[in-house]
Structure formats: structure tokens, C-alpha cells
Amino acid sequence: MFDLTGKTALVTGASGGIGGAIAAALHAAGATVALSGTREGPLHDLAATLGERAHVVPANLSEPEAAAGLIKDAAGAMGSVDILVNNAGITRDNLFMRMSDEEWAQVLEVNLTSVFRLSRAALRGMMKARWGRIVNITSVVGATGNPGQGNYAAAKAGLVGMSKSLAYEVASRGITVNCVAPGFIATAMTDKLTPDQKGKILGQIPAGRMGAPEEIAAAVLYLSSPEAGYVTGATLHVNGGMAMV
Amino acid sequence: MSDIADRVKKIVVEHLGVEEDKVVESASFIDDLGADSLDTVELVMAFEEEFGIEIPDDAAETIQTVGDAVTFIKGAV
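Protein sequence lines, in the order shown, are assigned to chains A and B.
Quick note on my numbering: the first sequence kicks off at 1 and runs consecutively.
Quick note on my numbering: the second sequence kicks off at 1 and runs consecutively.
Read the hints as simulated data drawn from the structure, not as lab findings.
Among the clues, some could well be false.
To be verified - Calculated pairs, DSSO-like style, for lysine-lysine (alpha carbon to alpha carbon, straight line, at most 30 Å):
#: 1; chain 1: A; residue 1: 164; chain 2: A; residue 2: 128
#: 2; chain 1: A; residue 1: 198; chain 2: B; residue 2: 10
#: 3; chain 1: B; residue 1: 10; chain 2: B; residue 2: 74
#: 4; chain 1: B; residue 1: 22; chain 2: A; residue 2: 128
#: 5; chain 1: B; residue 1: 74; chain 2: A; residue 2: 128
Looking at chain A on its own, in the form it has when it is part of the complex (with noise of 0.2 Å):
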């Protein structure tokens, strides 16, 4: 339905479940996409089933300058990038009385800080362009809070107003500034819990399942195609109704 012939996107964390459906959708419907993470194998691999139009760009975005550097390479693989998908995205859980303050460092730094700083790099050519998608992946946990999470919770809810801002900005460039929340969501970080744990989770969600990496998957396809382009600033709820904000 949604076509992104001759578009480039850039996903990052595209080495986990949900980065790699989300490259894995923008590919099947035209995009050349660069695949970034820390992790090079599975970034290879996903290039391999993709085949063409996909490119390996590793980063570290725990380092200050890997992000300016992250967006030069993408372009220079793909000649622009014209779609910014913000996924990766680290955990350092603890109770907030015993949180320390490098496990809240290092999460603003990763699922925050990094966000804005490969954003505004990719800013530049998405101006001259007058086109451009920049997809935040926050969490349901950003609206709602959870227990162990004071950390990722603040990242993720800094995202949105963060988005709320840019899209401001750039909205009369034809960039839009978009975040996708997932609920739980059934990826190998998920498959670790007990069943006694997930039993518990799917109490709270309406839709009585976890969902898929693709499903989250076509919400970012949606917000980054050109039939989205007068949707801007807003959060997208994928949760099977766990929070309906």
C-alpha cells in the first residue's frame, strides 16, 4: 500500500527484533535502507535476506560522537537519508533508591541524548530535500511509568516532547516528527520472562496477546510514507489497548 521507491532510511538498533522488522517493511516497500547497531553479525545477516538496497552501518551510540558520524556514513551508502527511524534503545533496571547514576546516564545517553544529536545531524539534508521522517520509538511505559524503569521511562517520555518540539520547527519543510509507543511486544527480551510473569502481563492487555515486531513495524511504514505527510508530532499507541492515552 505504501510505496517508498527511490526513499532511504536509516533504522537503528535494526540488529534486534523490532529494528529488524521495521528495516524489514521499509525494504519490502521500495526503501534502501542502512541497518545500524553495535552488533555486526545479525546486521549482516538481515542485509543478506534483505539482498539489495541494503546497506551495514555498525555505531555505538554510547559514544558522543557516533551519531553525527552514524548519519555521514548512512548517507554516504545510500546518498541521502530521507527517513530516520530512532530504535535502539538500552535498559539498565532498578529501583529507583538504588538506581546509580550511571545506569540513569547510560540510558538517557543511549535512548535520548543520542536521538537528538543523530536528528539534528539528519536535519540538514532532510531541510535542503524538503522531505523528511524522523520515527521515535518510544514505549508505553513513557505514558504510563513502571516500576524499575524510572530511568527508561524518563528517556522515553523526553522523546515526545522532544519529537512535540521538532515537529514545530521543520513541520513547513515537509519533515515530520513522529513517535511509535510499543506495548509489550514478543521479542527475545520478552522470551526470557517466566510464565508466571507473562501470565501477568497479559491480564492488562485487552487484546489478551503480545504483540509483533511487525506490528510495529507498520506503523513506522505509515508514518514514514508520504500518505503521513500531515500527521506530525504525534505518538502512535501500538499496545493491544494496554494503555489507551
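Fit chain B to the known structure of chain A by using the hints.
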């Protein structure tokens, strides 16, 4: 008219979509030529590319008029 001034004017005309005769040295981008703050950022970016120079943020803030831009670029190239 120096070559630099002509090239600056051309960029301003193209970017802001204003009449060429309004782009005089004393014209303020924001007050006279209808630029918004984002336009001024884009103009600075365009100057940087056209002339192959770096315009630091504190210098960019002082570039308010067409003449300011020409003077700065003449000193930087």
C-alpha cells in the same frame, strides 16, 4: 558588485523567494525580507556550502543583513 555579493544575493533570492531589487546590502533577512528564524539557519547552511566555509553559531548570530553576510564571507574565504 563583487562576485561574492552577487552569489550571496542569488542564494537569498532563491531561498526566500523575494524580488532581486529588494536584496540590498542593508536589507535585514528577518525585518525586510520576511525570513523566519529557521530561514536564517538555512541561509547560513547555504552560504557554508556555496563558499566552502564554516560559519560558527556565534558568528551566524551576527549576520542579520545581506551586507553582514557579504562582509563575513569576504573575511572567511
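Each hint tested on the structure:
| no. | hint | verdict |
| --- | --- | --- |
| 1 | A:164 x A:128 | 21 Å, holds |
| 2 | A:198 x B:10 | 63 Å, violated |
| 3 | B:10 x B:74 | 16 Å, holds |
| 4 | B:22 x A:128 | 24 Å, holds |
| 5 | B:74 x A:128 | 24 Å, holds |
Violated hint for the displayed structure: number 2, the only one.
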